[in-house]
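**Student:** This is what each chain is made of:
2 protein chains.
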Amino acid sequence: MLSKNTIKHLQSLKQNKFRDEFRQFVAEGDKLVTELLSGYFNIIEIFAVNEWLATHKIANHISVTEVSPAELERISALTTPNMVVALLEIPPSQNTDLSIFDKLILMLDEIKDPGNLGTIIRIADWFGISTIICSDHTVDVYNPKVVQATMGSIARVNVQYTDLKDFLEAVPKSIPVYGTLLNGENIYTQELSRNGIVLIGNESKGISDDLLPFITQKLLIPSYNVNNGNKAESLNASIATAIVCAEFTRRIF
Amino acid sequence: MLSKNTIKHLQSLKQNKFRDEFRQFVAEGDKLVTELLSGYFNIIEIFAVNEWLATHKIANHISVTEVSPAELERISALTTPNMVVALLEIPPSQNTDLSIFDKLILMLDEIKDPGNLGTIIRIADWFGISTIICSDHTVDVYNPKVVQATMGSIARVNVQYTDLKDFLEAVPKSIPVYGTLLNGENIYTQELSRNGIVLIGNESKGISDDLLPFITQKLLIPSYNVNNGNKAESLNASIATAIVCAEFTRRIF
Numbered sequence: 001m002l003s004k005n006t007i008k009h010l011q012s013l014k015q016n017k018f019r020d021e022f023r024q025f026v027a028e029g030d031k032l033v034t035e036l037l038s039g040y041f042n043i044i045e046i047f048a049v050n051e052w053l054a055t056h057k058i059a060n061h062i063s064v065t066e067v068s069p070a071e072l073e074r075i076s077a078l079t080t081p082n083m084v085v086a087l088l089e090i091p092p093s094q095n096t097d098l099s100i101f102d103k104l105i106l107m108l109d110e111i112k113d114p115g116n117l118g119t120i121i122r123i124a125d126w127f128g129i130s131t132i133i134c135s136d137h138t139v140d141v142y143n144p145k146v147v148q149a150t151m152g153s154i155a156r157v158n159v160q161y162t163d164l165k166d167f168l169e170a171v172p173k174s175i176p177v178y179g180t181l182l183n184g185e186n187i188y189t190q191e192l193s194r195n196g197i198v199l200i201g202n203e204s205k206g207i208s209d210d211l212l213p214f215i216t217q218k219l220l221i222p223s224y225n226v227n228n229g230n231k232a233e234s235l236n237a238s239i240a241t242a243i244v245c246a247e248f249t250r251r252i253f
Numbered sequence: 001m002l003s004k005n006t007i008k009h010l011q012s013l014k015q016n017k018f019r020d021e022f023r024q025f026v027a028e029g030d031k032l033v034t035e036l037l038s039g040y041f042n043i044i045e046i047f048a049v050n051e052w053l054a055t056h057k058i059a060n061h062i063s064v065t066e067v068s069p070a071e072l073e074r075i076s077a078l079t080t081p082n083m084v085v086a087l088l089e090i091p092p093s094q095n096t097d098l099s100i101f102d103k104l105i106l107m108l109d110e111i112k113d114p115g116n117l118g119t120i121i122r123i124a125d126w127f128g129i130s131t132i133i134c135s136d137h138t139v140d141v142y143n144p145k146v147v148q149a150t151m152g153s154i155a156r157v158n159v160q161y162t163d164l165k166d167f168l169e170a171v172p173k174s175i176p177v178y179g180t181l182l183n184g185e186n187i188y189t190q191e192l193s194r195n196g197i198v199l200i201g202n203e204s205k206g207i208s209d210d211l212l213p214f215i216t217q218k219l220l221i222p223s224y225n226v227n228n229g230n231k232a233e234s235l236n237a238s239i240a241t242a243i244v245c246a247e248f249t250r251r252i253f
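In the order they appear, the protein sequences are chains U and Z.
Per my numbering: the first sequence = residues 1 to 253.
Per my numbering: the second sequence = residues 1 to 253.
In case anyone wonders, no lab produced these hints; they're calculated from the structure.
If you're wondering where the values come from, they're calculated on a predicted model, not measured in any experiment.
In this list, chains with the same sequence are indistinguishable; a pair is considered to hold if it fits within one copy or across any two.
Calculated pairs, DMTMM-like style, for lysine to aspartate or glutamate (alpha carbon to alpha carbon, straight line, at most 25 Å):
1. Lys218 to Glu191
2. Lys31 to Asp113
3. Lys231 to Glu89
4. Lys8 to Asp20
5. Lys31 to Glu233
6. Lys103 to Glu169
7. Lys31 to Glu51
8. Lys205 to Glu35
9. Lys103 to Glu247
10. Lys112 to Glu203
11. Lys231 to Glu247
Given only the sequences and the hints, what does the whole structure look like? Please build it.
**Tutor:** What follows is the structure, encoded as structure tokens:
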């Protein structure tokens, strides 16, 4: 049986300010929560229907509350609630040290769409990229829509928020900074390093003017024109990220 | 001034059955409608705020209705209505002939998410793929969420619906059929043709069992594993489509 206060608390975590205050977030659905059970985050409480609880082993230190399907609906943010909602602790920010520059990292300049951020985290996970540095204006990684869109990859990719200009000013000059730009040069004919920063711009405005001077190599994903010059103006931010990450990875193999 | 009937009619077109009945669909927002004004679809009527009408030239044969911001809100499906809503004709299905097999085409097996279909159409447009064949269970291309997600590419890519098994049975045996599969072989070490069919499966179920026998080459986008074997289980359908299309295009250049 759920108390009104619990329902209110879980619902409040849809908002950034309450996630900040309580340092908690919500993840839901059978597949995602099952994956998080074996993982990185500290789970505070599980709210699940009987059917789910009967088939999942939950560590003793995690509180468990059985809910009815009607109660689940009240605490779920999904159109179709899926058996379980988990309340989790937001971990303290990890300190990044210089070792992150030994590999490829992603840097996101104001990605606003939760689906895009979630998808980018999933792409990073697929391609073995373990660090994403976001501008302070990028959507919060613990926003429930982001959490759901990561499909569990949120537990394997370290996502940090910072002022990108300050960050880039402190990056050693030897580290390449790749920017995806419509006025860049064909990515397929450029040398790509095994490490460095790949900077991805906002969905509609692209990369901020004050970050452009930090870019050491401009990358363009070439399009293939058939309709007398008419074609898509650009690719979605997460699509561009995927193609660039795939190309860096292809060179390593 | 909008009549109640007009509002009701525009709202009804969110549903597939009414789009089928009237053979009409809705597109909205400054950028998208401006692009469609110069294009492929027959526009029946434009509903726009004064500010938009003052800055856009609209052909004489198109009906124009000025609406107030409050009226716009009633007919818009967007969270933030954006100046204009257009009512358009669904064009008759184009007959596909054998010439489509001279180039690369996409085939979608039950893509359910409107955002994914819209994004895939935008990717196709970017990479010069002009035909997409969808299973009858794929989300409708004139669904407003698909229309918006295409960002205008809907006017440049021919999207057809059919029974994929019947279609594939009729495809000449010389045409390669590529399938993206988790048990496929590394796409980067395979020969890829300049033409053929790239088959993309459903978001969670992948490619249907009854279509698997038609695949002549199985493609895997290799992942790069760092977390002791834990990694993203798969890539989103539109992400996989993008990476595959990019790789086919890279080989052509």
